[in-house]
Amino acid sequence: MATLDLHRISKSFGTAKVLHDIDLAIKDKEFVVFVGPSGCGKSTLLRIIAGLEEASSGKVVIDGADVSDAHPVDRGISMVFQSYALYPHLTVFENIAFPLRVQKLAEPDLKQRVMRAAEILQLTDKLKLKPGQLSGGQRQRVAIGRSIVRNPKVFLFDEPLSNLDAALRGDMRVELSQLHRELDATMVYVTHDQVEAMTMADRIVVLNGGRVEQFGTPMELYHHPATKFVAGFIGQPNMNLIPATVLGTDGGLTVEIDGGHRMTLPVDSSAASAGDKVEVGIRPEDVDLGDGGLSISVRVLERLGGVSITYGTIGNGETRFCASLPGDAAVREGEPLHLSVAPSDCHVFDASGRVLRRTAAPALVA
Amino acid sequence: MMDRYTKLQMVGIYIGIFLFLSFMLLPFVEMFVTSLRPLEHLRTTPYQFWSDKFSFDAYRQMWETVPLLGRYILNSIFIASMVTACTMLLVVPAAYAYARLDFPFKDTSLGLILAINMFSGAVLLIPLYRVLKALGLLNTYWAMIVPGIAFLIPTGIWLLRSYLEKIPRELEEAAYVDGASRMYTLRRVVLPLALPGLLVVGTATFIGAYAQQFLFAITFNQNRELQPLPAGLQEFVGRQQVEWNQMMAAALTGVLPVMLIFFFLQKYLVAGLTAGAVKE
Numbered sequence: 000m001a002t003l004d005l006h007r008i009s010k011s012f013g014t015a016k017v018l019h020d021i022d023l024a025i026k027d028k029e030f031v032v033f034v035g036p037s038g039c040g041k042s043t044l045l046r047i048i049a050g051l052e053e054a055s056s057g058k059v060v061i062d063g064a065d066v067s068d069a070h071p072v073d074r075g076i077s078m079v080f081q082s083y084a085l086y087p088h089l090t091v092f093e094n095i096a097f098p099l100r101v102q103k104l105a106e107p108d109l110k111q112r113v114m115r116a117a118e119i120l121q122l123t124d125k126l127k128l129k130p131g132q133l134s135g136g137q138r139q140r141v142a143i144g145r146s147i148v149r150n151p152k153v154f155l156f157d158e159p160l161s162n163l164d165a166a167l168r169g170d171m172r173v174e175l176s177q178l179h180r181e182l183d184a185t186m187v188y189v190t191h192d193q194v195e196a197m198t199m200a201d202r203i204v205v206l207n208g209g210r211v212e213q214f215g216t217p218m219e220l221y222h223h224p225a226t227k228f229v230a231g232f233i234g235q236p237n238m239n240l241i242p243a244t245v246l247g248t249d250g251g252l253t254v255e256i257d258g259g260h261r262m263t264l265p266v267d268s269s270a271a272s273a274g275d276k277v278e279v280g281i282r283p284e285d286v287d288l289g290d291g292g293l294s295i296s297v298r299v300l301e302r303l304g305g306v307s308i309t310y311g312t313i314g315n316g317e318t319r320f321c322a323s324l325p326g327d328a329a330v331r332e333g334e335p336l337h338l339s340v341a342p343s344d345c346h347v348f349d350a351s352g353r354v355l356r357r358t359a360a361p362a363l364v365a
Numbered sequence: 000m001m002d003r004y005t006k007l008q009m010v011g012i013y014i015g016i017f018l019f020l021s022f023m024l025l026p027f028v029e030m031f032v033t034s035l036r037p038l039e040h041l042r043t044t045p046y047q048f049w050s051d052k053f054s055f056d057a058y059r060q061m062w063e064t065v066p067l068l069g070r071y072i073l074n075s076i077f078i079a080s081m082v083t084a085c086t087m088l089l090v091v092p093a094a095y096a097y098a099r100l101d102f103p104f105k106d107t108s109l110g111l112i113l114a115i116n117m118f119s120g121a122v123l124l125i126p127l128y129r130v131l132k133a134l135g136l137l138n139t140y141w142a143m144i145v146p147g148i149a150f151l152i153p154t155g156i157w158l159l160r161s162y163l164e165k166i167p168r169e170l171e172e173a174a175y176v177d178g179a180s181r182m183y184t185l186r187r188v189v190l191p192l193a194l195p196g197l198l199v200v201g202t203a204t205f206i207g208a209y210a211q212q213f214l215f216a217i218t219f220n221q222n223r224e225l226q227p228l229p230a231g232l233q234e235f236v237g238r239q240q241v242e243w244n245q246m247m248a249a250a251l252t253g254v255l256p257v258m259l260i261f262f263f264l265q266k267y268l269v270a271g272l273t274a275g276a277v278k279e
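Residue numbers (numbering that gives the first Met the number 0), protein chains in the order written: chain S, 0 to 365; chain X, 0 to 279.
If you are wondering where the hints come from, they were derived from the structure by calculation, not from laboratory data.
Keep in mind that this is a model prediction, so the values were computed, not measured.
Certain hints may be false.
[Unchecked claim] Subject to a maximum C-alpha distance of 30 Å in a straight line, what follows is the list of computed DSS-like cross-link-like pairs (lysine-lysine):
no.: 1; chain 1: S; residue 1: K129; chain 2: X; residue 2: K132
no.: 2; chain 1: S; residue 1: K129; chain 2: X; residue 2: K266
no.: 3; chain 1: X; residue 1: K165; chain 2: S; residue 2: K16
no.: 4; chain 1: X; residue 1: K266; chain 2: S; residue 2: K127
[Unchecked claim] What follows is a set of in silico ranges between Cβ atoms, one per label pair, in the way DEER data are often shown:
no.: 5; chain 1: X; residue 1: N116; chain 2: S; residue 2: S11; range: 34 to 40 Å
no.: 6; chain 1: X; residue 1: R186; chain 2: S; residue 2: E174; range: 31 to 37 Å
no.: 7; chain 1: X; residue 1: F77; chain 2: S; residue 2: R115; range: 50 to 56 Å
no.: 8; chain 1: X; residue 1: L7; chain 2: S; residue 2: E174; range: 36 to 42 Å
no.: 9; chain 1: S; residue 1: R210; chain 2: X; residue 2: L264; range: 26 to 32 Å
no.: 10; chain 1: S; residue 1: D183; chain 2: X; residue 2: S180; range: 40 to 46 Å
no.: 11; chain 1: X; residue 1: Y4; chain 2: S; residue 2: E334; range: 54 to 60 Å
no.: 12; chain 1: X; residue 1: L264; chain 2: S; residue 2: D183; range: 51 to 57 Å
Beta carbons are placed, not taken as given, at the ideal position from N, Cα and C, and that holds for glycine.
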């Protein structure tokens, strides 16, 4: 059992405020990913949870107990660092055993726990080696091993996969998800990679400029991004954002997007009025070939096999537009392309970047 | 490989190395040659590079001319070792604090510590004499050890601090998260990783201690039994004549242990001085 609650956490370095009143409630056994661009404060927030950094104000509560001033060990957390932070002069066994040595655990007990961790992580034949003799993925596993021997309540991961190459990263994602199921523990994971966030998280916290933009399940963030920022951050390739003007608010929102195409979109239009400047968000994968009013001039075409991704501009040529099309779509670079999109697939963001709630979008997945 | 030099460049490089090494090593050669010469040779002209009368006699006679010579050599090593041990005991925690902890006046105090190095020991001899006298340390080993430590701490801190700073902070954070105290982390993580750096600082301190003994010994110590080698060598200066050949022989013999230590530590020294330069 381990819930993790953050109450109004703020953090300033000198005059720079990097975290603004963060409130989060993380459930027991949940895998939560903090994601955001570099400098958004996600690592700082993790370090505050770990106890490596002190919050300027606010409380960290684990299992109902205020641990804001407690030592990391007393908080019941363990942490995996981006650089793995393995001790190069100690063997794999001693690296994993380190937290237990600190606790002065009796030798037989210590051995048994290290062996169990090594088994889970398939390191049993590597225990006598030094970290320098291991591959990146193996080092990563040793670092995880060191964090699990202590049976912490909450695991913290600080961009653990960013030093690995792409193929290995994919494997480790799967391994980490399995590990989460096996250990049945609460995990908080920091990354700047939205793919890691989408694939592993039960829920994602999107941070931007020291504030929580949105906290929800991956599909919630995908289908119902609360802000333009989340919309742009989640989903690959990024969502297209096209400037538009509101024409009417009856029975949805009627807009005219850059380039003159008019659409009536099923979103909550109660707060909008004619003449407002908005942005219409269209995911590259939501468009289809066919003349639906979107005319694109294609600049670059990437054929990935299964899909072809076109990069170009829409309307007056200043708004970029990316479309994800079938692999063998009859598209050529430099030629105009006509696309259509279902109004129910469109997102609308007001001038401040807040979303207008979609009324015809897929229901939230619990 | 980067060493793509033309023949001409190689010749130039070797000439450079030769000049450099001759400049540094010629005194030692002259020392050695002088130690082999019979005394009367020293004032003959023209200068003789070699003669049949050369012998190792001086290496035998020196023990008779200065009966305490062995003691002086041991004193030298003892004083230098004590200085090194005490300096390291003080330098390690200080360097770690400067490398890792935050405290008021950190940079100022570090600057002040370095400023000590701007004074040579000679400038401070008289004040030091008064201090040692007040402490009742004159004519003891401590009279030569304590000032030695004081003058070697600054360089030690600066050298070791920059070495400790290269040890990734995350290693210490990981240890902290795992419940290790600062001292435990220092002992189990930082110092083992800093071993090459410790060897470098330790050796540099030892050499420094060995070299600076002379000044402190002749000023703060009148006790013959406690004199280190550089001061003891004075005894080869007699009323009638100076036993130059024996003095040179004694000096070489005294330097020998240090040179041997250097040969064995060379590997570590080079590794230590370049450690962290390349990311593994």
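Status of the hints after comparison with the structure:
| no. | hint | verdict |
| --- | --- | --- |
| 1 | S:K129 x X:K132 | violated (54 Å) |
| 2 | S:K129 x X:K266 | holds (22 Å) |
| 3 | X:K165 x S:K16 | holds (29 Å) |
| 4 | X:K266 x S:K127 | holds (26 Å) |
| 5 | X:N116 x S:S11: 34 to 40 Å | holds (39 Å) |
| 6 | X:R186 x S:E174: 31 to 37 Å | holds (34 Å) |
| 7 | X:F77 x S:R115: 50 to 56 Å | holds (53 Å) |
| 8 | X:L7 x S:E174: 36 to 42 Å | violated (59 Å) |
| 9 | S:R210 x X:L264: 26 to 32 Å | violated (56 Å) |
| 10 | S:D183 x X:S180: 40 to 46 Å | violated (31 Å) |
| 11 | X:Y4 x S:E334: 54 to 60 Å | holds (58 Å) |
| 12 | X:L264 x S:D183: 51 to 57 Å | holds (53 Å) |
When held up to the earlier numbered hints, the structure conflicts with 1, 8, 9 and 10 and fits the remainder.
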